[in-house]
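> The chain contents come next:
Protein chains: 4
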Amino acid sequence: MTSENYYLTLTCPNKPGIVAAVSTYIFQAGGDIEEAQQFDDKASKRFFMRVSFSCPVDAATLRAGFVEIAKRFELIWNLRAVKDLKRVLIMASKLDHCLVDLLYRWRIGELPMIICGIVSNHPREVYSSIDFFDIPFYHLPVTPENKPEQEAKLLDIIAKEKVDMVILARYMQILSDHLSKELTGRCINVHHSFLPSFKGAKPYHQAHARGIKLIGATAHFVTSDLDEGPIIEQDVTRVTHGDTPDDLVRKGRDLERTVLSRALRYYLHDRVLNNGATSVVFSD
Amino acid sequence: MTSENYYLTLTCPNKPGIVAAVSTYIFQAGGDIEEAQQFDDKASKRFFMRVSFSCPVDAATLRAGFVEIAKRFELIWNLRAVKDLKRVLIMASKLDHCLVDLLYRWRIGELPMIICGIVSNHPREVYSSIDFFDIPFYHLPVTPENKPEQEAKLLDIIAKEKVDMVILARYMQILSDHLSKELTGRCINVHHSFLPSFKGAKPYHQAHARGIKLIGATAHFVTSDLDEGPIIEQDVTRVTHGDTPDDLVRKGRDLERTVLSRALRYYLHDRVLNNGATSVVFSD
Amino acid sequence: MTSENYYLTLTCPNKPGIVAAVSTYIFQAGGDIEEAQQFDDKASKRFFMRVSFSCPVDAATLRAGFVEIAKRFELIWNLRAVKDLKRVLIMASKLDHCLVDLLYRWRIGELPMIICGIVSNHPREVYSSIDFFDIPFYHLPVTPENKPEQEAKLLDIIAKEKVDMVILARYMQILSDHLSKELTGRCINVHHSFLPSFKGAKPYHQAHARGIKLIGATAHFVTSDLDEGPIIEQDVTRVTHGDTPDDLVRKGRDLERTVLSRALRYYLHDRVLNNGATSVVFSD
Amino acid sequence: MTSENYYLTLTCPNKPGIVAAVSTYIFQAGGDIEEAQQFDDKASKRFFMRVSFSCPVDAATLRAGFVEIAKRFELIWNLRAVKDLKRVLIMASKLDHCLVDLLYRWRIGELPMIICGIVSNHPREVYSSIDFFDIPFYHLPVTPENKPEQEAKLLDIIAKEKVDMVILARYMQILSDHLSKELTGRCINVHHSFLPSFKGAKPYHQAHARGIKLIGATAHFVTSDLDEGPIIEQDVTRVTHGDTPDDLVRKGRDLERTVLSRALRYYLHDRVLNNGATSVVFSD
Numbered sequence: 001m002t003s004e005n006y007y008l009t010l011t012c013p014n015k016p017g018i019v020a021a022v023s024t025y026i027f028q029a030g031g032d033i034e035e036a037q038q039f040d041d042k043a044s045k046r047f048f049m050r051v052s053f054s055c056p057v058d059a060a061t062l063r064a065g066f067v068e069i070a071k072r073f074e075l076i077w078n079l080r081a082v083k084d085l086k087r088v089l090i091m092a093s094k095l096d097h098c099l100v101d102l103l104y105r106w107r108i109g110e111l112p113m114i115i116c117g118i119v120s121n122h123p124r125e126v127y128s129s130i131d132f133f134d135i136p137f138y139h140l141p142v143t144p145e146n147k148p149e150q151e152a153k154l155l156d157i158i159a160k161e162k163v164d165m166v167i168l169a170r171y172m173q174i175l176s177d178h179l180s181k182e183l184t185g186r187c188i189n190v191h192h193s194f195l196p197s198f199k200g201a202k203p204y205h206q207a208h209a210r211g212i213k214l215i216g217a218t219a220h221f222v223t224s225d226l227d228e229g230p231i232i233e234q235d236v237t238r239v240t241h242g243d244t245p246d247d248l249v250r251k252g253r254d255l256e257r258t259v260l261s262r263a264l265r266y267y268l269h270d271r272v273l274n275n276g277a278t279s280v281v282f283s284d
Numbered sequence: 001m002t003s004e005n006y007y008l009t010l011t012c013p014n015k016p017g018i019v020a021a022v023s024t025y026i027f028q029a030g031g032d033i034e035e036a037q038q039f040d041d042k043a044s045k046r047f048f049m050r051v052s053f054s055c056p057v058d059a060a061t062l063r064a065g066f067v068e069i070a071k072r073f074e075l076i077w078n079l080r081a082v083k084d085l086k087r088v089l090i091m092a093s094k095l096d097h098c099l100v101d102l103l104y105r106w107r108i109g110e111l112p113m114i115i116c117g118i119v120s121n122h123p124r125e126v127y128s129s130i131d132f133f134d135i136p137f138y139h140l141p142v143t144p145e146n147k148p149e150q151e152a153k154l155l156d157i158i159a160k161e162k163v164d165m166v167i168l169a170r171y172m173q174i175l176s177d178h179l180s181k182e183l184t185g186r187c188i189n190v191h192h193s194f195l196p197s198f199k200g201a202k203p204y205h206q207a208h209a210r211g212i213k214l215i216g217a218t219a220h221f222v223t224s225d226l227d228e229g230p231i232i233e234q235d236v237t238r239v240t241h242g243d244t245p246d247d248l249v250r251k252g253r254d255l256e257r258t259v260l261s262r263a264l265r266y267y268l269h270d271r272v273l274n275n276g277a278t279s280v281v282f283s284d
Numbered sequence: 001m002t003s004e005n006y007y008l009t010l011t012c013p014n015k016p017g018i019v020a021a022v023s024t025y026i027f028q029a030g031g032d033i034e035e036a037q038q039f040d041d042k043a044s045k046r047f048f049m050r051v052s053f054s055c056p057v058d059a060a061t062l063r064a065g066f067v068e069i070a071k072r073f074e075l076i077w078n079l080r081a082v083k084d085l086k087r088v089l090i091m092a093s094k095l096d097h098c099l100v101d102l103l104y105r106w107r108i109g110e111l112p113m114i115i116c117g118i119v120s121n122h123p124r125e126v127y128s129s130i131d132f133f134d135i136p137f138y139h140l141p142v143t144p145e146n147k148p149e150q151e152a153k154l155l156d157i158i159a160k161e162k163v164d165m166v167i168l169a170r171y172m173q174i175l176s177d178h179l180s181k182e183l184t185g186r187c188i189n190v191h192h193s194f195l196p197s198f199k200g201a202k203p204y205h206q207a208h209a210r211g212i213k214l215i216g217a218t219a220h221f222v223t224s225d226l227d228e229g230p231i232i233e234q235d236v237t238r239v240t241h242g243d244t245p246d247d248l249v250r251k252g253r254d255l256e257r258t259v260l261s262r263a264l265r266y267y268l269h270d271r272v273l274n275n276g277a278t279s280v281v282f283s284d
Numbered sequence: 001m002t003s004e005n006y007y008l009t010l011t012c013p014n015k016p017g018i019v020a021a022v023s024t025y026i027f028q029a030g031g032d033i034e035e036a037q038q039f040d041d042k043a044s045k046r047f048f049m050r051v052s053f054s055c056p057v058d059a060a061t062l063r064a065g066f067v068e069i070a071k072r073f074e075l076i077w078n079l080r081a082v083k084d085l086k087r088v089l090i091m092a093s094k095l096d097h098c099l100v101d102l103l104y105r106w107r108i109g110e111l112p113m114i115i116c117g118i119v120s121n122h123p124r125e126v127y128s129s130i131d132f133f134d135i136p137f138y139h140l141p142v143t144p145e146n147k148p149e150q151e152a153k154l155l156d157i158i159a160k161e162k163v164d165m166v167i168l169a170r171y172m173q174i175l176s177d178h179l180s181k182e183l184t185g186r187c188i189n190v191h192h193s194f195l196p197s198f199k200g201a202k203p204y205h206q207a208h209a210r211g212i213k214l215i216g217a218t219a220h221f222v223t224s225d226l227d228e229g230p231i232i233e234q235d236v237t238r239v240t241h242g243d244t245p246d247d248l249v250r251k252g253r254d255l256e257r258t259v260l261s262r263a264l265r266y267y268l269h270d271r272v273l274n275n276g277a278t279s280v281v282f283s284d
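Protein chains in written order, with full-length UniProt numbering: chain A, 1 to 284; chain B, 1 to 284; chain C, 1 to 284; chain D, 1 to 284.
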């Protein structure tokens with residue numbers, strides 16, 4: 001049998017012997033560790049680990065054999081064959097720079113995922129110059145009145161398409177509290193500021209008024225606390241007094257694209273582990 | 001007569017002809033413009049300009065001749081011979097990394113200024129390994145009880161020494177409202193966060209708890225609104241989930257040094273102009 | 001008459017009075033300076049200036065009136081109405097990330113230019129998922145044998161379409177010495193290294209072998225000296241020992257896009273002035 | 001017995017089971033892994049690992065027990081108690097910014113090391129404002145004539161003081177071929193350019209002439225190939241056409257300090273492993 005590539009991620013209360021148990025298990029299954037990262041959180045006394053390895057044993061057998069170790073160390077864990085791609089739903093609005101960027105990176109193989117659908121509150125014509133290949137497009141217009149129905153339709157799509165992660169690619173609508181809770185841990189947003197500065201609306205205008213010298217963008221998990229979910233990735237770029245709010249918007253587009261695509265890439269490689277209000281990101 | 005180097009800075013309501021008037025005046029005085037920068041603030045409709053030039057005419061004569069132009073364009077302006085160094089007072093506390101850095105840059109000529117004094121709430125022995133040359137040292141211990149007296153002594157020193165700018169080089173005391181107002185526009189602080197995030201105490205601990213991916217430092221003018229004064233310079237550095245609050249403190253020291261020394265350097269070259277809640281910084 | 005926006009760029013031997021003459025001329029024509037930058041090169045004793053201004057006078061009249069000043073100061077100069085867009089020809093090969101990026105930025109108005117054509121050594125089908133709108137596409141396959149003819153056809157297109165600037169958007173062919181000379185000052189290339197390191201072929205592999213800690217990209221004018229023309233813009237990103245050459249290629253794509261689009265943007269706003277072996281770039 | 005902290009570093013031909021063997025050994029010795037990093041070099045087929053752990057067993061016993069594993073996997077390895085500080089010799093010349101910076105970081109505990117001595121080709125008076133505490137100072141003037149003797153004296157100091165690493169903190173002399181070979185792997189230099197660009201003398205002047213948009217600094221191991229040894233750390237900062245060579249020197253000082261201190265910090269924590277012409281750097 002040929003070898004399969006796997007990602008194993010786990011977290012547990014910290015105690016000695018975890019690395020030895022995990023690496024010995026993989027070795028005895030004939031596996032070869034390609035990359036391993038770990039983090040020992042002194043504050044929460046929790047341990048986090050990600051192992052990328054190749055192994056001739058199939059996923060089901062590996063999982064079954066791992067149960068005993070998982071029990072012994074009280075692991076929350078996940079084992080995934082790299083070839084079993086994550087299923088992603090992209091939500092966009094009129095500003096399409098993040099959408100176009102994600103599609104491009106996906107097309108050339110930089111983001112290994114299955115795009116289950118593209119959802120927008122605008123019709124397909126708005127994206128007439130963009131090739132969606134055979135990705136289903138859903139036009140879900142939203143108004144204050146129809147929001148519950150629109151979000152119900154969205155949840156239907158998510159369920160029907162077995163979506164692993166919803167990506168808000170500058171989707172300019174605020175999700176309802178209900179939907180935010182429903183999608184906790186399953187939805188990544190890009191906010192156009194260096195959070196926690198300038199939460200909420202028009203962050204570039206807020207930044208301009210404050211006379212900031214660097215603007216930023218933040219990719220984070222959505223929670224029911226607006227712009228307060230665990231941060232995955234951030235970046236900044238220099239601005240000056242001479243930059244108008246429009247200039248900040250322009251410079252910010254590059255940041256938003258970069259930050260969102262990096263966060264998504266980390267997610268797609270199982271590099272992001274939840275740690276309460278924060279994220280452990282085993283970056284490459 | 002040999003030529004003198006000057007910095008001219010000005011701001012006024014924007015109307016055509018300012019650049020022509022200023023540059024013609026300098027030309028007719030036999031001057032040669034070395035560097036000129038301008039900013040036309042569309043929001044406030046104000047114009048800002050900095051000109052560095054050499055000229056065989058002395059400062060008093062240049063100033064006298066410029067009065068007519070200043071009046072015509074309603075200028076707020078300043079003309080300074082580069083050789084007339086700014087007078088700076090440095091305030092420090094136990095953490096001496098910014099103090100040591102400023103003294104080093106001053107010693108090797110990177111920061112052209114007269115250091116009128118070093119003020120600390122700790123005695124001279126705390127800085128036993130630092131050479132203060134012949135800079136006067138003032139030990140002004142501060143307690144909740146003696147704060148008004150201590151600040152009065154400080155204002156005395158500032159007046160007596162004709163201090164142009166007070167530098168809070170990680171001076172860990174919060175200035176009273178009275179002193180902050182007194183020193184508005186004459187006091188630069190370095191805050192150990194990327195403002196406006198994490199105002200107030202223990203910003204590195206706040207940043208760690210929030211799971212931020214970049215930490216920052218900010219040099220800003222002190223106003224009576226704590227950590228809300230016009231920003232002069234900011235910078236950030238990358239951190240990860242693995243960085244403890246102590247690691248952030250260590251990484252932050254480099255940021256604080258860099259940001260404060262850059263802000264001071266801009267100030268010493270008359271590159272910082274006030275624009276309401278923000279600063280115009282004509283960086284080189 | 002309503003106002004027109006202009007860019008004026010000039011260079012001349014440095015002597016006093018240029019700024020005064022130029023700004024007075026603009027003022028007397030009823031113009032209002034929006035942005036002005038200058039550079040006094042002590043080494044070459046040359047002066048460089050860029051002025052962006054609005055003015056109710058038409059371009060022809062402005063140019064005619066300026067001749068006297070130009071003569072007096074021995075100016076090499078250019079005056080352009082902002083609305084008279086530059087004409088750009090993009091050349092691409094199989095790697096289409098720069099091409100797609102430039103088209104996107106052009107579509108959303110970030111790069112104000114007329115794209116006269118897209119030239120490739122590959123047929124149109126290779127770009128099947130890209131919308132070229134009504135931009136003419138030229139398939140000019142190149143082999144060692146037909147290179148002179150292919151380049152002749154290219155020069156025909158450049159002449160016929162009155163192309164101002166040719167952009168090599170990761171066009172993987174080396175131009176002949178003849179063509180390079182022909183296009184000196186009229187052709188911008190993006191090289192996938194931090195020049196002058198790693199000139200020539202496979203720079204990411206060279207960088208990997210050398211164990212470099214940051215990789216870069218460089219946008220520069222093409223000259224007949226391969227990868228030696230004046231640099232317009234550069235940027236870098238961090239890499240580690242763990243990054244394979246393929247990882248460098250991936251990380252480099254983002255750099256190449258950013259660096260080329262910034263260089264082109266500077267060019268389209270007349271911010272790039274030639275200074276012998278280097279470029280003066282009046283960035284915003 | 002209380003626990004001791006250790007760093008274990010190793011490299012070997014890659015084969016499965018190393019991580020399991022190492023982590024099991026540490027676990028069975030009662031140890032707790034704090035941090036572990038590994039690198040599987042596909043090109044050289046070698047494996048690299050660094051483990052930081054605490055353990056109640058003493059170093060000698062741990063080393064003795066590890067011999068069997070080391071033999072089985074053909075390890076080149078090192079185990080060190082964190083409290084056994086590295087012994088470092090600093091060499092400086094007139095430009096003292098790196099020297100001052102290293103001393104400062106050492107004084108406040110940022111660089112855990114024993115400074116065995118400071119060597120300079122200038123006398124002690126040149127550093128009159130610097131507190132050397134009780135670190136021995138060696139004045140070893142160098143001329144073309146006395147170079148062999150001077151280097152012999154240096155090697156004597158290195159031997160007598162059991163120096164682990166020589167730090168060239170902007171020591172402006174080129175080491176002889178003989179000395180370079182003698183110190184291979186035991187000497188870190190900071191070069192004031194982004195290597196491999198601008199090797200040799202006056203790199204800032206070379207960079208200025210080439211019109212570079214970012215300048216850099218590089219910390220690397222010294223080998224007998226001038227400026228060609230394995231790179232440990234690099235960084236860059238933005239410059240413009242307006243920066244003179246003197247400005248580059250000023251901006252470069254900050255880079256040199258940062259890059260050298262980071263490289264030294266990595267070394268002092270056993271984070272730097274040799275990999276032929278390159279370095280594996282397990283950064284934190």
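I should point out that these hints are in silico values taken from the structure, not numbers from a laboratory.
Hints are supplied without guarantee of correctness; some may be wrong.
Unchecked claim - For lysine-lysine, the following BS3-like pairs were computed, each having C-alpha atoms within a straight-line distance of at most 30 Å:
hint, chain 1, residue 1, chain 2, residue 2
1, B, 42, B, 147
2, D, 86, D, 71
3, A, 202, B, 86
4, A, 199, B, 83
5, D, 162, A, 83
6, A, 94, A, 71
7, B, 160, A, 202
8, D, 15, B, 251
Stated by the list, open to error - The following residues of chain C were derived to be distant from chain D, with all beta-carbon distances above 10 Å:
hint, residue
9, 35
10, 54
11, 114
12, 162
13, 164
14, 198
15, 210
16, 213
17, 214
18, 223
19, 234
20, 242
21, 251
22, 265
Predicted, not measured: the structure shown is a model, and the values here were computed from it.
Where is the CB? At the ideal position from N, CA and C, for every residue including glycine.
> None of the hints should be skipped; say for each whether it holds.
Now for the hints, and whether the structure bears them out:
1. 42(B) to 147(B): 43 Å, violated
2. 86(D) to 71(D): Cα-Cα ~26 Å, so holds.
3. 202(A) to 86(B): The given pair, whose Cα atoms are some 40 Å apart, is violated under the 30 Å limit.
4. 199(A) to 83(B): 46 Å, violated
5. 162(D) to 83(A): 53 Å, violated
6. 94(A) to 71(A): Not satisfied, since the Cα-Cα distance of roughly 48 Å exceeds 30 Å.
7. 160(B) to 202(A): 47 Å, violated
8. 15(D) to 251(B): 37 Å, violated
9. 35: Holds: least Cβ distance 16 Å, greater than 10 Å.
10. 54: Holds, since 26 Å exceeds 10 Å.
11. 114: Correct as stated: the minimum Cβ-Cβ distance to chain D is 28 Å, above 10 Å.
12. 162: Holds: least Cβ distance 29 Å, greater than 10 Å.
13. 164: Non-interface label stands for residue 164(C): nearest chain D Cβ at 22 Å, farther than 10 Å.
14. 198: It is violated; residue 198(C) is separated from chain D by about 8 Å at its closest Cβ, not greater than 10 Å.
15. 210: 6 Å, violated
16. 213: 4 Å, violated
17. 214: 5 Å, violated
18. 223: 13 Å, holds
19. 234: About 4 Å separates residue 234(C) from the closest Cβ of chain D, which leaves it inside 10 Å; violated.
20. 242: It is violated; residue 242(C) is separated from chain D by about 6 Å at its closest Cβ, not greater than 10 Å.
21. 251: Non-interface label on residue 251(C) holds, nearest chain D Cβ at 15 Å vs cutoff 10 Å.
22. 265: Since the minimum Cβ distance to chain D is about 14 Å, residue 265(C) lies beyond 10 Å and the statement holds.
Consistency note: the structure conflicts with the earlier hints numbered 1, 3, 4, 5, 6, 7, 8, 14, 15, 16, 17, 19 and 20.
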